[in-house]
Amino acid sequence: MLNLKIERGPAPLWLRPLIPVIAVVVTFALVSVLILWAGASPFDAVYQLLINPLTRTSARADILMMATPILLTGVAVAVAFVCGYYNIGAEGQLYAGAIFAAWVGVNAEGLPPVVAIGLMLIAGFLAGMLWALLPALLKSWLSVDEVVTTLLLNSVMLFIVSALLNGPWRDPVSGWPQSPTIALNAQFPVIIARSRVHLGFIVAVVVALAVWWMLARTRFGLELRAIGKNREAAQFLGIPVRRRVLAAALISGGIAGLAGVGEVGGIHYYLIGSLSPGFGYTGIIVATLGALTMPGVMLSALFLALINRGAISANRELDVPVYLSDVIQAALLLVTLAVLLLNRYRIRWGR
Amino acid sequence: MPPIIEMRGITKRFGALTANDGIDFSIEPGEIHALLGENGAGKSTLMKILYGLYQPDAGEIRINGQPVRLTSPAEAIVSGIGFVSQHFALVPKFTVAENVVLGHEGSRTLHPTAMSTTVMETAASLRLLIDVNAIVGRLSVGEQQRVEILKALYRDCKVLIMDEPTAVLAPGDIAALFDILRVLQGRGMSVIIITHKLDEVFAISQRVTVLRLGKVVGEVRTQDSTPAALAQMMVGRQTVTVARNTDHRRQDAVKLDVRDLRLTDKRGGLRLRGLSLEVRGGEIVGVAGVAGNGQSELVSVLTGMAAPDSGSVTVGGAPLPFRDPKAVSRLKVARIPEDRLKGVIGDLSVQDNLMLESVEDFTRMGHLDRARIRANAEALIRAFQIKAAPTDLARTLSGGNIQKIILARSLGHAPEVVIAAQPTRGLDIGATEYVHQKLLEQKERGAAILLISEDLEEILLLSDRILVIYEGRIAGTFAAQDAQIDQIGALMTGAHPHA
Ligand SMILES: Nc1ncnc2c1ncn2[C@@H]1O[C@H](COP(=O)(O)OP(=O)(O)OP(=O)(O)O)[C@@H](O)[C@H]1O
Ligand SMILES: [Mg+2]
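Chains as they are written, first to last, in the numbering used here: chain A, 1 to 351; chain B, 1 to 499.
These are calculated hints, taken from the structure and not from any lab test. Keep in mind that this is a model prediction, so the values were computed, not measured. Heads up, the beta-carbon is just placed ideally off N, CA and C, and yes, glycines get one too. Treat each hint with caution, since some may be false.
Said to hold, decoys possible - Using C-beta positions, here's what the derived DEER-type ranges look like: (1) A:Arg-217 with B:Glu-471: 46 to 56 angstroms; (2) A:Arg-217 with B:Val-220: 51 to 61 angstroms; (3) A:Leu-133 with B:Gly-366: 21 to 31 angstroms; (4) A:Leu-133 with B:Glu-457: 53 to 63 angstroms.
To be verified - Think about it this way: if two alpha-carbon atoms lie no more than 30 angstroms apart in a straight line, the pair counts; the simulated DSBU-like pairs of lysine-lysine are: (5) B:Lys-387 with B:Lys-197; (6) B:Lys-326 with B:Lys-342; (7) B:Lys-332 with A:Lys-229; (8) B:Lys-387 with A:Lys-229; (9) B:Lys-266 with B:Lys-326; (10) B:Lys-387 with B:Lys-326; (11) A:Lys-229 with B:Lys-93; (12) B:Lys-158 with B:Lys-215; (13) A:Lys-229 with B:Lys-342; (14) B:Lys-342 with B:Lys-93; (15) B:Lys-342 with B:Lys-266; (16) B:Lys-197 with B:Lys-158; (17) A:Lys-229 with B:Lys-326; (18) B:Lys-342 with B:Lys-387; (19) B:Lys-266 with A:Lys-229.
This is chain A alone, in the form it adopts within the complex (with noise of 0.2 angstroms):
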């Protein structure tokens, strides 16, 4: 009789790269039940998802467009976990950035365009880090839980936002709540022709490079990755592990708060309540199933909103509803959670 057998130590070297296609295999089998529920074949839909919108090129050009946030906030919540240090909190950080970018955005009449959005990406990023400081203080000098002050945050700033949208920043114009729309010269240019790909996308590839680079290459980025391995002795090594995870915690913060620059300035041209349907949250799932590596962040970022671009067309021929592609990345992270862990041991068939 043959019988499963789970052992530990470290899964064959041939076995790692396939792990996240192993997670998107069996998320996708697990999915295809509520597929078949809603109504439709499991194989079409894994079309719709996967394959047709990177056979148009309009499609394509929405997976730029919708990996651009989630992008960002991957990289930001990446350089948090890094050194241990988790924060949960981008979908806030997010909004702060987008406050300042509107704010600025607002105010930009006359200022030629390079000025007016280097503006705003500077408020967006510094906003997000201001966000982002109180949890990492609290963290580096009272070694209070950042999970629980970066989470509780979050509705914070959602109460804020609404409560600007409804008061002083309600459109005089429309009296919807949302703020009034930025500048024309504030308006990120479109960087793919009849497209809605926007200098937003360059701003994060470049942002995921940089910290490539930082987390390689650079003094800074060895600490961050010694201090995640191994606090202890990062200390006995002469780090200054709490300067160092503070720092990480805002520059965390202000890459988080360009996502929500990026939806002001290149999407929605003003601050809405809706502007993120949790960015910072995805951002978390990205940054996961990247490994918390750079390239592998990248690619889960293009990978999530190819799932994402996938939904809708499913949704469209197929009439599955669209929040699919929410449960397929709840599932995937918990699939890659659960191979992550598998990673650990080895699978062998025995008697």
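Guided by the hints, dock chain B with the ligands onto chain A, whose structure is given.
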């Protein structure tokens, strides 16, 4: 009777490296079997295979003549094999009893009192002195080791593997451990003990297997062999001569001055009670003592990891800042911590570990200078004979080679003061010898060396002056020439020799 354990033709490769190469190894019931070999010879690997932690690439294992496949520790435990590893696997926040029972609870519900009673009984039956309700994280290394032994026995093991158990023990604890092992042997159990100390091999074992470069080079009855013969088998050549400190006359200025340190631990216990000492340039001062008398705390303060309640430390006249490891290493204090895992980051490469302490020297405007990092690593690897490539992850190295990373990093850069805590713990004869030479070289250079060791022999061999630490202060000082072992021993246990 067939051997209780028989390993045949065991081969294990890690990438290009063959850690075990066709090893035959067997254990008789009721014997204590020593496993000997240089650092990286493959001893731990072989034992991890026997415990189901690694799968061999070739070879078979028989238990009581029956072929078995051990694919997990759980299976090894069921087969009656227990393993006390070089690095303990205990939950620091649990009590001794909880740690012992963990994973072997027996029933779904736990009765705390019943649990501690049964564990206490197991301990008592073996004359293991231990408080079963103590929190493990607060125990000394020696006590934690007893918890590990207890854990194995509680699971009813027939063969107990001990990977370098004596490396972490004070002499008195070693004797106690050997007593425990003899009790186990009296009950028909077998013990496999890995050690680098030949006198221990002769004190406790009946048979010895010697490994070199992954192969068995000899298997002898202990009584038929001699230390010299074993040493030669191990290194494959005539053994090195023993380096010894003979020049005690040198009188340089005081380089390390420790004044009246007092330190209370988190539980409010007084760990250092007005400890003072000084070390001159060109001098090796040995601190002898039973573990737990303040050595760890002293080392923590001197290495920049802890701050005392009061007292001062100066290095070459400059005050040593507390709790600032960077500042300490900038004062050219070389630090060899007693726990390797606190000095090396296992998930980073060897080359990164070799430069992190002085990372600013390898950085140009925040940017890491790869070429210099690699060159530094290659030079240190060569100078200190570390068996590794610069890009290997540190945690894949053998215990002794991990220790060499620390030595290379700290002694490689012309220190003024050396704080050496258990510097040869876990090192093989050749490497120990090598470390002793390096420390003597530092003395020649004029560095001030504070040697904290639980190995009294090492202290006698190297020191110009010997201090005995007892209950957080220096209880006595001896010049090397007129050090009396029995007097030192008496002071270590708190007796007053002059009273
Ligand atoms: N998981 C691993 N991955 C890669 N190489 C390994 C791994 N474990 C051990 N090795 C290598 O195998 C060789 C044998 O290591 P092992 O730990 O068995 O030595 P050892 O005889 O126990 O040495 P020591 O006396 O220093 O503890 C070493 O060269 C080590 O670097
Ligand atoms: Mg070993």
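Hint check:
1. A:Arg-217 with B:Glu-471: 46 to 56 angstroms: Hint holds: Cβ distance 50 angstroms, inside 46 to 56 angstroms.
2. A:Arg-217 with B:Val-220: 51 to 61 angstroms: holds, 53 angstroms
3. A:Leu-133 with B:Gly-366: 21 to 31 angstroms: For B:Gly-366 against A:Leu-133, whose Cβ atoms are near 23 angstroms apart, the range 21 to 31 angstroms holds.
4. A:Leu-133 with B:Glu-457: 53 to 63 angstroms: Since the Cβ atoms of A:Leu-133 and B:Glu-457 sit about 56 angstroms apart, the hinted range of 53 to 63 angstroms holds.
5. B:Lys-387 with B:Lys-197: holds, 21 angstroms
6. B:Lys-326 with B:Lys-342: holds, 15 angstroms
7. B:Lys-332 with A:Lys-229: holds, 26 angstroms
8. B:Lys-387 with A:Lys-229: holds, 23 angstroms
9. B:Lys-266 with B:Lys-326: The hint holds at about 24 angstroms.
10. B:Lys-387 with B:Lys-326: holds, 28 angstroms
11. A:Lys-229 with B:Lys-93: Holds, at roughly 21 angstroms.
12. B:Lys-158 with B:Lys-215: holds, 26 angstroms
13. A:Lys-229 with B:Lys-342: Holds, because 12 angstroms separates the two Cα atoms, which is no more than 30 angstroms.
14. B:Lys-342 with B:Lys-93: holds, 19 angstroms
15. B:Lys-342 with B:Lys-266: holds, 19 angstroms
16. B:Lys-197 with B:Lys-158: holds, 25 angstroms
17. A:Lys-229 with B:Lys-326: holds, 19 angstroms
18. B:Lys-342 with B:Lys-387: Answer holds: B:Lys-342 to B:Lys-387 is near 20 angstroms, not above 30 angstroms.
19. B:Lys-266 with A:Lys-229: holds, 26 angstroms
Hint compliance for this structure: no hint is broken.
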